[in-house]
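From first to last, the protein sequence lines are chains U and S. Just remember that this note's numbering sits 177 ahead of the position in the first sequence, which is counted from 1. Just remember that this note's numbering sits 177 ahead of the position in the second sequence, which is counted from 1.
Just to be clear, a hint being listed does not mean it is correct.
In this list, chains with the same sequence are indistinguishable; a pair is considered to hold if it fits within one copy or across any two.
Below, simulated DSBU-like cross-link-like pairs (lysine-lysine); rule was C-alpha separation at most 30 Å, straight line [as the list claims (entries may be wrong)]:
no.	residue 1	residue 2
1	Lys541	Lys204
2	Lys274	Lys340
3	Lys310	Lys384
4	Lys340	Lys205
5	Lys526	Lys204
Don't read these hints as lab results, they were simulated from the structure.
There are 2 protein chains.
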Amino acid sequence: MKNFSEIKGSLLSVRGIHTAAVSCGIKKDKKDLAVIYSEVEGNAAGVFTTNAFRAAPVLISEAHLQNSRAQAIVVNSGNANACTGTVGFENARETAKITADALHLPINKVIVASTGMIGIQLPMDRIREGVAKAARDLRRSVPDESAEAIMTTDTFPKSVTVKINLPEHEVFLSGIAKGAGMIKPNMATMLCFLCTDAVISPRLLKKALLWATDQSFHVISIDGDMSTNDMVILLANGLAQNTPITEENDAFSLFQEALNFVTLQLALMIVRDGEGATKCIEILVRGARNKGEAKQIAHTIAESPLVKTAFHGERCLWGRILAAIGYSGISIIPDRVNLFYGPVQIVSKGAGTGQESAALEILKQKEIKIMVDLNLGGGEARVFTCDFSKDYVTINMGYS
Amino acid sequence: MKNFSEIKGSLLSVRGIHTAAVSCGIKKDKKDLAVIYSEVEGNAAGVFTTNAFRAAPVLISEAHLQNSRAQAIVVNSGNANACTGTVGFENARETAKITADALHLPINKVIVASTGMIGIQLPMDRIREGVAKAARDLRRSVPDESAEAIMTTDTFPKSVTVKINLPEHEVFLSGIAKGAGMIKPNMATMLCFLCTDAVISPRLLKKALLWATDQSFHVISIDGDMSTNDMVILLANGLAQNTPITEENDAFSLFQEALNFVTLQLALMIVRDGEGATKCIEILVRGARNKGEAKQIAHTIAESPLVKTAFHGERCLWGRILAAIGYSGISIIPDRVNLFYGPVQIVSKGAGTGQESAALEILKQKEIKIMVDLNLGGGEARVFTCDFSKDYVTINMGYS
């Protein structure tokens, strides 16, 4: 029995959360700035990009989360404020400051995030106007347009909300995300903002977020590139007044399970909305010596342009998958490798089974499962990726 | 003063080398099988793919080269004979055997190579007919069509020939290669057959080939994929009767220099003929802590789909290059990084210089040089890559 259920809702389903999304002119005629605000300060946790070029907002938000507390998030799209030197750093700080002032908060209770073009200074006059307008517009009534305001090349807003039935209380958890390109399974490789009204200790909030990130945003890949700006933030304002979750009890397990669900759904939406993507492909590698080796092979397959273009062409070119396994850097025994497209075994002990025509039916579908069995041990890992299309190239040639 | 010069020629410029290229029906109406034959047995060296799934011909040719001697090469295109199990292994062996019989050689003097589709058994009846015909057709007169017979998705045959002026003798060196897709800078990632009439010891021949491969085929990347079939073979039949090169003297240096030239030219032809490629991009990384770190960063940039699509679009999206440096796994200091497009400095100390419009002129060219200076030490590495186009996707969707 599931003790949580997905509901039609938004960040506003979470008690005490207000949002505002405005168009301040960074992007032409599109929502490009959002503020998420909690009526009360809460515990908060974050996971940030491991890219050596970390954008100014990443550095500032990580610093603000030192004490694991936050009350507001300000995020703009259209400009990443990355590789912008000291001016960029000051602009990110000012964005946090004006948001804090408008909401009557200390600056370190504000998380600041940016996504979009690298290397261009934020237009601070527009940001100032946008933040002021958003602070005035904050509301708890529908529609919540924050998921739309954080989009870049995304083709649809991404939002998932659940109601969790704790033993004595209903708790809500909701998240928004943006992705599309530059998604590598190696960190919180996009923007994701999660809010919950659960009462939960900072230590367990961080633990739950790390675990959820590991099985969601860390196992998806669009093009193998990793951004300078990615972050996942989880804010828990405690307004549900449940018995505080301070140890790894049943309530914590339930919260974790729900958080895993929300983050995986958001991650899969990112894959399905991969730039130019037409298919979502799950790659399961099992029988590896250990999880790490399984993961490396799964990622190598998921990031091979030849594998991804073959999926786009709906062609059963399984040799490309074997070649990717072969150059993954992991030692394998070719004669033991089995490969399945859905239920169809296409390679047995390293050689083709001649079942290509049966696999073609599988390849026509939008959601495809590939399973590699190395027959070397008990290590297993799963990665989600998308196909590689001409539209990916068009989108990323930079003419848009 | 250069002691070697490129000449209009072919494998047939090398004393005692005969070639034949035939169409035996593996590919439709195209040359698909070649035999290269030396009038006398010679010393030989090879470099083979490190892919764990090594095709049958790779296994057999490596075994045949155990004694560093060879006299003939038989190669087919259109079918890779990879992932074909024991039947495939026997077919590769039989291909070597019938070639050896037709040429009256011991089987282990024959190198066998295949390139093309993975996972399909060789049509042995066609191979038998083709080998018989090629053995009859062997000739020392033009045209040499072997470079054409080994093409797969290549759009032009690749061949380079030089005359080397040793102190007392003229020596010839000629090579053919095929590439196009699945080229990763990690091994002899394509087929290349080199012949020379120099007298040179097996040890120095191997040493020269390894060094030449390291600065040519190992520093090019089309899509980051690495094939199951790649090999570079160098056959030295000694018919030039020069003073034997048995130590690292001036003659050896000269031979090495010429071999480096031939292999780098062939490697660059492969990049220029990358599937769907419109540009050849040289990525130089300097100022790294060591060569290995420079290499890893150069490859990460060269294999980023976002970087490659931006080059295709001729857009100065330098943030993508910085992001790739940042996720390369090498620790760097962002504030020290400089980036140049040709002579135009586009990033200074980790931030943009605003010179994008000057860079646009550079980006319109067919041959582009990018230089990253990390300012951390003396490590340097160079990688050649191509841009990423819609045609790459079309070619690799598998409809051709």
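**Prompt:** With identical chains treated as interchangeable, where does the CA-CA distance between Lys541 and Lys204 reach 30 Å or less: within a copy, between copies, both, or neither?
**Reply:** between (37 Å within a copy, 27 Å between copies)
**Asked** Under a CA distance limit of 30 Å, which applies to Lys340 and Lys205: within one copy, between copies, both, or neither?
**Response** neither (36 Å within a copy, 62 Å between copies)
**Asked** From the Cα coordinates, with 30 Å as the cut-off, is the pair Lys274 and Lys340 best called within, between, both, or neither?
**Response** Result: close neither inside a copy nor across copies, 33 Å intra and 71 Å inter.
**Request:** Indicate which option fits the pair Lys526, Lys204 if close means a Cα-Cα distance not exceeding 30 Å: within, between, both or neither.
**Result:** Answer is between; shortest inter-copy Cα gap is 28 Å, intra-copy 53 Å.
**Asked** How would you label the pair Lys310, Lys384 (within, between, both, or neither) given a Cα cut-off of 30 Å?
**Response** neither (35 Å within a copy, 70 Å between copies)
Checked against the numbered hints listed earlier, the structure breaks hints 2, 3 and 4; every other hint is satisfied.
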